[in-house]
Amino acid sequence: MAGFLSLFYIFFSYLAFFVLAAGTFYLFIRVPHAISASVPGGPGRFKLLVNLAGDVLFARGTLKNEGKLLWFFETVFHWAFFLVVLRHMRYFFYPVRGVILGFQDSGIIAGYVLPVPLIMLAAVRLARKTPGRIVYLLFLLASLSGILMTSLARPDLVDIKAFVLGLITLRPVLLERADPVFLFHFSMVLLLLVAVPLAMARRALNTQEDVPFKKPSSIPEIAPQNPGILEKEET
Amino acid sequence: MRFRAMLILPVCLLTLAACAERVDKPKLESRGGTGPLAIKMKRGTAAPEYHFPREYWRTHHMDLIAKGDFEKRECVICHDTEASCNKCHLYVGVPKVCTIMD
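Sequences listed follow chains Y and P, in order.
If you're matching positions, the first sequence starts at 591 in our numbering and goes up one per residue.
If you're matching positions, the second sequence starts at -17 in our numbering and goes up one per residue.
For reference, chain P alone in the conformation it holds in the complex:
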């Protein structure tokens, strides 16, 4: 009986393939990012020393904010939420960063 349900799997995967929309992933414009999700930073914005390696910040910034090491308001000093943060947040489906900080 149970293997009848297995029919659902390939059907779901094919449906996903039919529904999926292709879009370029969010990437810094200065590093070749194109399309509606290209990330824009103000010209001349230099990352401070503690912001390296950038990969670590990209994957762990939420932990640093949750631990209280940093606050969102510190991020938005350099990052424009709409042109920078929310491009990735919308892409991967995590809550948007609000411009007005509480």
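Chain Y on its own, in the form it takes in the complex:
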């Protein structure tokens, strides 16, 4: 059973990475002005980097569009998630560097904090029916299953690290034991890898937030002042 599940997850891990890479490439092709700084009249390279940092570190877009309360939760979410990702770096490297070891305790605390802003953000997004709300739900489920593994249902870390390192080094190994909580957590992460680029692409193409000029999709019809003239010309 563990062998079959391992093969299933190995396949879907690579598929998820392919979707992530393809989604990014699609964005790059379809919305090049949002990525390139060389567009005439677009923001300069430095300003682009500053905007990007402001958006990632301080959720600048949320502050502008959705108010201070949501901005606060979004910022907490971004920082907590950053620390949690740093903690997870220990699964991707051998030997584990001292820098990564230094973030283990703060990563645990951030892991316990993470669901709070996620619950708030998911609730607001669900209530407003804004696009991309599924991403917050996936984040929430991944976060809760992560806490469960840290506190109660401890998985075999050696087995998991061997599995993850095998995936990264393109020499996959099978899991010895199919731990249900870990597999659920891992499934949520894989779904996030797929859902994030799709949600971003949808948002970018729908809202065109970075487009300096948007061509109208349809030209409104204007009733002619004197329709009789047109009819005469046609005849």
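Quick caveat, the hints were computed from the structure, so don't treat them as lab data.
Each hint should be verified, as a subset may be incorrect.
Label-pair ranges, simulated between beta-carbon atoms [claimed, not checked]:
no., chain 1, residue 1, chain 2, residue 2, range
1, Y, Y604, P, A65, 50 to 56 Å
2, P, L(-4), Y, I737, 45 to 51 Å
3, Y, R767, P, K49, 19 to 25 Å
Pulled a few chain P residues facing chain Y out of the computed Cβ check, cut under 8 Å [what the hints assert, rightly or not]:
no., residue
4, C1
5, V5
6, H42
For glycine and all other residues, C-beta sits at the position ideal for the given N, C-alpha and C.
With the hints as your guide, set chain P onto chain Y.
Relative to chain Y, chain P alone:
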């Protein structure tokens, strides 16, 4: 704007793939463990009855120590920290077990 940051994700994953070092996972030598992380136990070391199932001890020993049911000094009666405990501890990135117990 935000989706520009998404470019970082695949780049990070590819970087990880380039930097990652492949090593055999820690495993008992007697059960086919090879490489620098193979775990060595003294010949003839028999696990006591309370040490079963071994999987439970592998994943929950830290809780038992934290609760005070066991002490580290009891572990090192049978486990050589360098040849046994720290192979896994180093592999998964948790603090090393010191030989001198406080």
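Outcome of the hint check:
no.: 1; hint: Y:Y604 with P:A65: 50 to 56 Å; result: 36 Å, violated
no.: 2; hint: P:L(-4) with Y:I737: 45 to 51 Å; result: 29 Å, violated
no.: 3; hint: Y:R767 with P:K49: 19 to 25 Å; result: 24 Å, holds
no.: 4; hint: C1; result: 7 Å, holds
no.: 5; hint: V5; result: 5 Å, holds
no.: 6; hint: H42; result: 6 Å, holds
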